[in-house]
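Residue numbers (the working numbering), protein chains in the order written: chain A, 1 to 771; chain B, 1001 to 1162; chain C, 2001 to 2284.
No wet-lab data here; the hints were simulated from the structure. Glycine included, C-beta positions come from ideal geometry on N, C-alpha and C. Do not take every clue at face value.
[Said to hold, decoys possible] To give an idea of the chain C side of the interface with chain B (calculated C-beta under 10 angstroms), a few residues:
hint, residue
1, A2004
2, P2040
3, H2105
4, A2252
5, L2255
6, S2259
[Claimed, not checked] Pairs of lysine-lysine, DSS-like flavour, derived with a Cα cap of 30 angstroms:
hint, chain 1, residue 1, chain 2, residue 2
7, C, K2261, A, K439
8, A, K706, C, K2190
9, B, K1090, A, K706
10, B, K1145, C, K2190
11, B, K1156, A, K651
12, A, K426, B, K1145
13, B, K1156, C, K2190
14, B, K1145, A, K429
15, C, K2027, B, K1002
16, B, K1090, A, K651
17, C, K2068, C, K2151
18, B, K1145, A, K706
19, A, K426, A, K439
20, C, K2190, A, K630
21, A, K292, C, K2068
22, C, K2015, A, K630
23, B, K1002, C, K2068
24, B, K1090, A, K6
[To be verified] Covered stretches of chain A, as calculated for chain B (at least 3 residues, CB under 8 angstroms):
hint, stretch
25, 485-494
26, 666-677
27, 687-694
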Amino acid sequence: MPSINKSLIGQSLARIEDSPLVRGQGCFIADVNFPHQLHMRVVRSSIAHGRIRHIDTQSALTVEGVHAIWTAQDISDIGPIDFREGKIEKLEPYRQPVLAQTYVRYVGEPIAVVFAENAYCAEDAADLVEVDIDPLPVIDRADAPPGEFAPHLSTQAAIITQQFGDIEAAFAKADKIVELDLEIGRHSGVPLETRGAIGRYDRARDVLELHGAAKVPHKNRESLARMLGRSTAALHLFEYHVGGGFGIRGEIYPEDILVLVAALRLNRPVKWIEDRREHLMCANQSRHQRHKIKAAVDRKGRLLAIENEFYHDQGAYPRTHALRIAETTCGILPGPYHVGAYKAVGYYRLTHKTPCATYRAPGRYETNFVRERLLDAIAKKLNMSRVDVRIANLIDSSEMPYARPLSVLEDNVSYDSGDYKGLLQKSLKAFRWDELEDKLKTRRANGEIVGAGFALFIEKSGLGPIDGAYINVDSEGGVEVITGGASVGQGFETVMAQVSADILGVNYRNVRVIHGRTDRIEYGIGAHASRATVMTANAVGVAAHKVRVKALDMAGHLLQIDPAELTISDGQIHCKNAMQGPSISLGALAQALRPMSRLRGEREPGLSAQGWFESEHQVYPYGNQFALVKIDPRTGHISIEDYLIAYDIGKAINPMLVRGQIIGGFVQGLGGAIYEEFLYDEQGQPLSTSFADYLMPTLSEVPEVKVLLCEDAPSPRNPLGIKGAGESGIAPVGAVIASAVEDALQNYELVRQLPLTPQRIKSMLDQMKRV
Amino acid sequence: MKIPVHFNLNGRDFKMNVEPRKTLADVIREDCGYTGTHLGCEHGICGACTIIVNNQTVRSCLMFAFQADNAVIETVEGLSDEQSLHPLQKAFVSHHGLQCGFCTSGFLMLASGAFRDRDYVSDDEITDVLSSNLCRCTGYENIVKAVRHWLLDERKINAEHK
Amino acid sequence: MKPASFNLHRPSTIKDAVNLLSELADKDVRILAGGQSLVPMMAFRLAQPTDLIDISHIRDLTNLRDEKNYIDIGALVRHADLALASDRDIVRHILSMISHHIAHHPIRTRGTFCGSIAHADPSSEWCLAATTLDALITAQNKHTIRHIPAKDFFTGIMTNNLNADEIITSVRIPKIDKARYVFKEFSRRKGDFCLASVLIVADVDEHQRIIKIHLGIGGVETAPRRIKGAETLMMGQKLSADLCYAAADLIARDLDPMSDKTTSADYRRDLAHGLIIEALREIL
């Protein structure tokens, strides 16, 4: 883009979001209040599976301040929660009702709901609601035999298959076959802000409002409007500050519907703020899969075939994501490697636990663990180095774009660009891998239990197919960028401001970015699947470019200079290479372009433009991560002595923000590898219902991390060349820690499960002693 | 049965009648209108609700409002004035020490409270104190950088510090 | 997670407090000191007292006294108050060292020593310290004051042998002239409740023979305990690697660890064993 000034793209600029947030002037949904609002409190099942016999609300209704209490009968006209991408006939009978009707299927399932004057008395009343449930047998594992979801409906709701090539032939001619049985523990995003929603009915204009939306406001608006029988023009969603998303938010949960229906029927705004115990029992969980994977390899370690059978623990109901995570699991497992033939079969099974859905890098945290364990096992079996076995299989940069007959999120897998071997070499060098072998030998001789491991991964981002943005410049020269995006704290506004300011030649701090508002723009993709930067930023770029062209054209006319000679800096249009001389401000141009302005001529009114960006395929950033660990034999505690994250992002708009995403993601990945697990007993009772049980890393648990951020393989699929970074830090961490721990133990039979808690490590050490 | 509670919050006097069971965090947020103090867990582990009471760093979700009767309370809103940011807040901005911002008030009050009466702070203490609170977005790296930058400006650590 | 309603009482003297306790004897009454353990329980509604007695206005309870033969820790003395030791007695040094392991900074500014004692969490560092150092818990009701030895005080998980009408007004810890001491604990994360802990206070004569030893284990059984068998084994012996292992093995066999759905008895036992070796090595 022609500009005298240094491009803003690639600069680590401080965020425009920060000022209100550091001042404590952010507005999260719990901070929002409407006059005469009621508080909603959900009465939840304390039994994992049962048939509801009776619900007694009599005592609860006597609590002072209680306005109403509803059960399923009171909302019998409201249907179950639909799937985000539309009808899926075979899954329809499994949809979650907003309030449990006959059956309850997980501890925490909403059974009744209390509306009261404040949160304190709402909770008092909820505790007095008596629910009589006849217990039914509990299925607490996806690899247990399926049972009955309802009469004639199996808890095995679907089987997903993806495959290509001749599996049987490949296994028949294999030199070696390697088999593993692996499990990833149940964990989730657990943002620091719990969920919340306010339903408000603007009676005067007949508009129903959902405040506290997140992640995919436009998509959700469509679904909610359909569920409630309203036109989308009569339903609007409003996003405020959001305290972390990680894939958990933006789901349509029962509570979102309840506040809307209640606002309509009770004629008062209805506010619901989830508490932490509820969150740990009811917000989407994720990751819990068991994989039985086998590989056929030749004597050089090349993957002739991979065959995988996995059990996907979906919890009690399919969420709005339906089968997506299991489908992604099938499609993305091969990662950056050549695979001759492939078959993945996923058993999508319902269990009597909290329902599951996306969590940052869904399907990839799991498959990276599984695939990289497999490669380490192949290396061991063939007596090859872990590095060599990967190099033998890596797709080469000359093969790009590399297509595979698999699909991820309904998009055929097609890697756009990547130098996997090149990045691996860079990382090996940066981590001093060659020297490490000897150092580890010496330390082991001294009795230390130390080891190093690594994992390669491909991420996916930029899910399209299309996004749009609208930019308007006002008569003061202020720029407003209206997007259908969403902010969950990742710096969305700053990125959009940088892109638009770079093209428009203004100070990025003078750009106001709108997101999460269905009443400001009709279409939006929200923010998920690491798509905001790729899709929305490119759409903003298109719109900004159009505005720039309009501005230069108008300026050219007013200044009587050829627009090709003009440029913009600091909001002023002037001749290139000449700061002096005739100039005009963007604001003045906006004035000149007003509808009634005579200066406008035949030009379309407004210094504004709509921009669309379409992308046929997703983009595929990639990376690898390395760890050096030491294990304390007395406790099983893992210390991470060194950690490297290498990542090719294509192009970084704001490197500081990218690093922030990577480190933040890494720490979550570390949580899933060592600390975090949602545990249940055999009766389906959740055991991890407070922060004393569900352990997330604090500063003390986080090692120093080196980040090698590369831009060697920009994406050819968008003008900015960007690939996204939201899920890069987290995706391979489970795989990396497992690899390093296995190397430390020098035992290749035992590391099969995440998280690697101290107790599990200790148990492995004990098993090794006994042998 | 409501009881009278009175305290000074960010320089202003507040008098109100509240139920004994109402937490200090809820009273500050709802009755006093200062919503910068956030509730992340309500059981005293995440630290998002950290404030300063009578010069001590405390978790406001673990106090009933009546326990702050006659106290002097500081919350994040009191760190800066209309015009400029507190140096610690500036450091958070320049070091990208926040992403979603939900834990930020808690960290700001934790750092400004825990280190205020100290002449010198060791690396271990910085780690020890900052390990009190949870953050789910940043991975802590930049929070540490921001706090160290501020402590350096306050001359409570030296530049040669790790 | 809002607490349930309660009647609030704010006595300004110990006398008023014990009178209240007597009146409310058949109610579900809780004492509020620092609240760092009680308030979370009330937030989860695991505790729903009908009456709460806030003792924070009782000035007599704030004293941390250095008496001739013992330290007297009043009911309102905070964890943070015990963090400073300077030239004080060894017991104060031990308490100071331990205090840094308790939870996190903002908890330590409010939580109280005696509150931890009353709460009787098996993982509590102060409960282990009290047991290992032969503390006496001063329990007072309307009519009497009694001094309960720590070894008799903790009767199980979160249970103590206070009567319903009694309040802890202070804990006394006998002073120690001369000793080496070491505290070790293991938890999943820094500041978490430990899965095992050990406190050893020992003294040796001029021939390096052990002439005094207190060895307490916490976090493993339902209450902390001095392991007398190990102490007897070590008395009069020179500390050696063999003795360390013998003591650790004996303790491991003697322990009756808690077991739950997330942590097995064997793991706790192994942790204790490892910590004892580490601790004894350090004290050598």
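Hints, one by one, checked against the model:
1. Nearest Cβ of chain B to the Cβ of A2004(C): about 7 angstroms, under the 10 angstroms cut. The hint holds.
2. With 10 angstroms as the threshold, the beta carbon of P2040(C) comes within range of chain B, its nearest partner Cβ sitting at about 4 angstroms, so the hint holds.
3. Given hint, H2105(C) at the interface with chain B, holds; its Cβ is 5 angstroms from that chain's nearest Cβ, closer than 10 angstroms.
4. Taken as an interface hint, A2252(C) does not check out: its beta carbon lies about 31 angstroms from the nearest beta carbon of chain B, beyond 10 angstroms.
5. Hint status for L2255(C): violated, given a least beta-carbon distance of 29 angstroms to chain B, over 10 angstroms.
6. Interface hint status for S2259(C): violated, as the beta-carbon distance to the closest one in chain B is roughly 24 angstroms, over 10 angstroms.
7. Our distance criterion of 30 angstroms between C-alpha atoms is broken by K2261(C) and K439(A), whose separation comes to about 39 angstroms.
8. With a C-alpha separation of about 23 angstroms, the suggested pairing of K706(A) with K2190(C) holds against the 30 angstroms cut-off.
9. With a C-alpha separation of about 25 angstroms, the suggested pairing of K1090(B) with K706(A) holds against the 30 angstroms cut-off.
10. Proposed proximity of K1145(B) and K2190(C) is supported: the alpha carbons are some 21 angstroms apart, at most 30 angstroms.
11. For the hint linking K1156(B) to K651(A), the alpha-carbon distance of about 39 angstroms lies beyond 30 angstroms, and the restraint is violated.
12. For the given pair, K426(A) sits about 27 angstroms from K1145(B) by alpha-carbon distance, which is consistent with the 30 angstroms threshold.
13. Between K1156(B) and K2190(C) the CA atoms are separated by roughly 24 angstroms; this keeps the pair inside 30 angstroms, and the hint holds.
14. A C-alpha spacing of about 27 angstroms is found between K1145(B) and K429(A), which places the hinted pair at or below 30 angstroms, so the restraint holds.
15. Distance restraint check for K2027(C) and K1002(B): the Cα-Cα separation of roughly 21 angstroms lies within the 30 angstroms cut-off, and the hinted pair is therefore satisfied.
16. Taken as a hint, the K1090(B) and K651(A) pair is honoured in the structure, with Cα atoms around 28 angstroms apart against an allowance of 30 angstroms.
17. At most 30 angstroms may separate the alpha-carbon atoms for a hinted pair to count; K2068(C) and K2151(C) meet this at roughly 23 angstroms.
18. With a C-alpha separation of about 15 angstroms, the suggested pair K1145(B) and K706(A) falls inside the 30 angstroms cut-off, and the hint holds.
19. Restraint check: the Cα-Cα separation between K426(A) and K439(A) comes to about 20 angstroms, which is no more than 30 angstroms; the hinted pair holds.
20. The straight-line distance between the Cα atoms of K2190(C) and K630(A) is roughly 17 angstroms, inside the 30 angstroms bound, and the hint therefore holds.
21. About 69 angstroms separates the Cα atoms of K292(A) and K2068(C), which puts this hinted pair outside 30 angstroms; it is violated.
22. Between K2015(C) and K630(A) the CA atoms are separated by roughly 57 angstroms; this puts the pair beyond 30 angstroms, and the hint is violated.
23. Our distance criterion of 30 angstroms between C-alpha atoms is broken by K1002(B) and K2068(C), whose separation comes to about 46 angstroms.
24. At roughly 25 angstroms between alpha-carbon atoms, K1090(B) and K6(A) fall within 30 angstroms of each other, so this suggested pair holds.
25. For the stretch 485-494 of chain A, the stated coverage by chain B is satisfied: 4 residues place a CB nearer than 8 angstroms to a CB of that chain, which reaches the threshold of 3.
26. Only when three residues or more bring their CB closer than 8 angstroms to a CB of chain B does the claim for the stretch 666-677 of chain A stand; here the count is 3, and the claim holds.
27. Residues of the stretch 687-694 of chain A lying with their CB closer than 8 angstroms to a CB of chain B number 3, which satisfies the three-residue condition for coverage.
The structure fails to meet hints 4, 5, 6, 7, 11, 21, 22 and 23 from the earlier list, while all remaining hints are met.
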